[in-house]
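Going down the list, the sequences are from chains A and B. Following the working numbering, the numbering of the first sequence begins with 1 at its first residue and continues without gaps. Following the working numbering, the numbering of the second sequence begins with 1001 at its first residue and continues without gaps.
What the hints contain is simulated information worked out from the structure, not anything from laboratory work. Just so you know, these numbers come straight off a predicted model, no measurement behind them. Every residue gets a Cβ at the ideal spot worked out from N, C-alpha and C, and that includes glycine.
Rough simulated footprint, nothing fancy, chain B against chain A, three-plus residues with beta-carbon under 8 Å:
1. 74 to 80
2. 107 to 114
3. 150 to 158
4. 231 to 243
5. 324 to 334
6. 343 to 356
Chain by chain, the residues:
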Amino acid sequence: MTAPGPGRSGLVFREPLLFESSRPGRAGVPIDAPDVPPVDVTRELGAELIRDDVPDFPELGELDVVRHFTRLSQWNYGIDSGFFPLGSCTMKYNPKVNEIVARLPGLAAVHPLSDEADLQGVLALACELEAALAEISGLDRVTLQPAAGAQGEFVGVKMIEAYHRARGDRGRTRVLIPDTAHGTNPASAALNGLEVVEVKSGDGGIVHPEALARLCDERTAALMLTNPNTLGLFESHVEKLADVVHAAGGLVYLDGANMNALLGVAKPGHMGVDVMHFNLHKTFSTPHGGGGPGSGPVAVKNALAPFLPTPVIRREGDRYRLDDEFPHSIGRVHAWYGNAGIWLRALAYIRTLGAAGLTDVTSRAALNANYILESLRDSYDAPHARRVMHECVLTDKRQHDHGVTTADIAKRLMDYGYHPPTIYFPLVVAGALMIEPTECESQETLDGFIETMRAIAREAETQPDLVTGAPTRPIVRRLDEVRAARKPRLRWTRGGPERG
Amino acid sequence: MLARIGVGSLAELFADVPANLRSRAELKLPPALDERSLLRFFGSHAAENANVQATASFLGGGAYHHFIPAAVDALSSRGEFMTAYTPYQAEISQGTLQMIFEFQTLICQLTGLEVANASLYDGASAVAEASLMAARVTRRTRVAVSAGLHPNWLEVLRTYGAGIGLELVTLPLDATGRTSFESLPADCAAVVVQSPNFFGCIEDLGAATKAAHAAGALSIAATAEALSLALLKSPGELGCDIACGDAQSFGLPISFGGPYAGFLAARERFVRQMPGRLIGESVDSADERAFVMTLTTREQHIRREKATSNICTNQGLCALRVTIWLALFGRRGLRRLAEINVAMAAYAKKALTRAGLTLPYSTPVFNELTVEVPNLTQKLARARAAGMQPGVPLSRFDASHPNRLLVCATEMNTRAQIDALARELSS
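Okay, chain B solo, but in the shape it has when bound:
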């Protein structure tokens, strides 16, 4: 091979790299590991972490522990899906393309909206992209954000918005735990409300839409717990213009926070302002149905600095897992799973109040609730010592409520675990 190239050594291939830039010393990295040693190395580090399968976990707050049927791993592991590229060459990417078309359809059905993209990085960037989209549609730069939006998502929105000078205004929660729209400014691009909100409360998205539209703003619904969409009135039905969030609940392992799948759906009239990839139906030259990337003139590889977003990838493999997971649970299974989650949270609510704890908010919840626990730090230590991950202390996000705990109960929890949690948190 060297002879055909006309060089005498591999080093000569790098003649264009100036000599003073060429590394003389070998990289300082730990020694190479064979497969057996590699698994031992990662296995020993993995054993140092607590995981939600081995502990009684009540952690939620934007990353939810749900059941993943065996077929999801089996099918999504197929090399033809996993090792394929972005489907630019449609003729040999029909598997990915049809799957994403199905994903887009499922997201439209769940959100009650008309167009959905092929996915975004995560729920946080989906909220940010939705807000930037609303700013383009309305040509306004102020966004009103509910205090119930996930605090990390808010931070990401702030980071994304800074570049184009997006100004964020906070809408406070009322005493029941729902967003109050009284202070909504008149010149907003969008009103962003998460439901269920970060504290577990199911918001009144209809009221959000009414307030938004009265101010000439778009109504954006955000969802961190996508399973709730199977049971609660959809953003589309409640008049929202954009629905976005994270589909992690649908078959994506918690995996220390990623990779997940952000989703974004909207009214059809806004389609040309949407960020990210869109798959459309077309035909091939023999008039057979086929799918293809479409409306790409919105995207960076065509429009460069004039694109609607800089996003290049989507979360293809995650969207595949979501599509398989949703297809397996199907119409009845999904609803039933959502109802089980409501039952688990209802039982947790009862058990915790029976244990003498108070719930600061009266608004109905889906599978997550805020509870006030006197001497929380001490109780958390006790629960952790008993092998539990007892929930998310909200002081991590807001120091003004040092004793509030966010407790999530899904179909992965048991009655005995909830009883034990109530015992450990009670005085």
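The shape of chain A in the complex, shown without the other chains:
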């Protein structure tokens, strides 16, 4: 078949679970005897503390393990495999040199409890990244501690709450969140014990000041805004929105998930934002890793600095120290100083690009997103006529008549060798296909994707079964998610499923 897109049948192996391949007596790593006298652990610790063998723990040779994980990796699709237009996730290329940086023994083998004198290099790097993020955000102070965006949200909202409390302003129990927001926003507010009030986005897919004003009062702790929002649209009333919230005594939190649209173009601190988090694994190219680790630094205005999580890194002359003496701090959120191995990669990215390079990232991200949107308007419904920033949203409205849904289109893209866009999100658009190409992709790659999307739209009209029956080419076909949830089997046990 001559099809658009890069997909062809791969060389794909079967691979059982580690536990199923296990053979008694096999070992992957030789271990020398230590040079201290051996001990009888039963005598040393007492028999009552010692467990029996770990039942059914795997026994495999090194080659078994290498083949196992190599084969599993081949069942995955990564940015290194191909185009990954997953909206709101910013699946940009993760430069390989950043992996080398994070593995330098002077960074990867540094213990968090080393004497401060032995940590000057890594603290200097942390300070440099904090300064860069403050500059990019137009805010004053930064903590690198949150381990991911959601933890950043938790920290940011907690600081807002601490701010109000420190002023004796105790009735602020509500967080206003637009209906286009990520699910983490309401969940983070709830984790802080706050009530969530949904703000309906208005005409043109953005929040209008009048609608917000009706919800603002003396109970308002904060507005959590994503800008550009998850429709890829800039919240162009942002200054007015901030004024409305500030006038009611609340603060403005920015979900920085979509910062790829603002680098060097506009600064949240100039839009009335008081607190924001970054997703370093999105905007600053650290690997997504199949779902983490992320890193979610939080930037704040000086008014909120007393509430930053401890410890805070201080520069005194040419020395750096970790400061725990912070009476108004919200406390610690991470065992140490956040995901250092991740934030070091982000600093490497910023140092590689510099100011002009970062601004160019945003320009090209917007160029690519608008190019896709304008190229696909003929074949797919677009809910808004506006231009977008870094991502665009299409829907399955026109394909619906042929019995083809967004999920089908997503699965069909797999057959053609693409990762699908984000689907059914944002929730306010029925059948959303949210496409974020990132700045990294060439016009040829975009044209290939556009051609494939058009081909799928044609298939939906002429051969809908091809689309609804997709995918046929990955290692497995569509999953039975209902069965997984009805009879959860969450681990392997000898002798098969424990239930049913």
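Since the structure of chain A is provided, determine the placement of chain B on it from the hints.
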């Protein structure tokens, strides 16, 4: 491309950003570096730090130096793992999904419990999430926490608990270094005990469970040194309801404290109150075995403010490293490594007492012990001058014991290093 969009310049793409908000000046950042200069820049800062590979390090206290076989880096660096997203699209994420299913199984085997999630940020947030989970299960808001819990983990628990009004009560250690349950209040959601505890002592988790259950509370076991699970009676066997901790010891570089991998396992009846991602086995439309994210109605992307946690990511790549590391060491290797750690600590104990130092606690230890060192500050300076990282001074956490040092000895240390440490710390 501009023509198809219908604009004349890149700047026009940003017309929706009000003019007064558009940055006029370029960002003030240091100049861009090419790859060669970048490595030089980071290399020079890296050289300013002491690292556990280049020094004789006895640092532990929640971050442990263990051997990482070459295959761990090689396999976890594969782009198909490293550059993949959260496995929402199961058909093209089976590698990540099967791996996490294996990770969940390994954690269940080690903890002796029935369900484990796909990992949490770190041990600290795992303890916090476990406590919030216990509060949901029991509908109580007071949590009794052993004084042997890692002090940083305690702080994180306090930060997480504040939002829903969790009240923390401290259970003191007795003279032997183990938690005393005498003062346990009757209306607790959970009893949280770390074993081995922060001071190195192996706790009596059976006693913790008995006390917890008598009070109608859940028993939560926390573990900072996950390697101990290979040798010590498992939390599940000792009746604990939830086991949580950090899997950093299993193949994750110390890396200035992160990224690590928190784990959380529990009894099956609590599964719907668990935080974070769960991977389950299912079949595809051709009836082939396949894995998929499941029970997602607990999670924020479905339930929003009613979710069991706000967590969105897990520590996928770290969980991968843990799974590879555990598969390489395997059943015998893991046990043997744990036994070597016990032998190293036993030797350190002997060497330090022979050097005239006292050990404040009599309870058995795994690979870490507290030692009383007269004139500690001066001795630390001496040891550091001799190229050592001699351990963690406990005065950093508790000023009431200015001369206590936490010493960790793993398979990465040598007899000669331990002898030298004893020499430097002795008077």
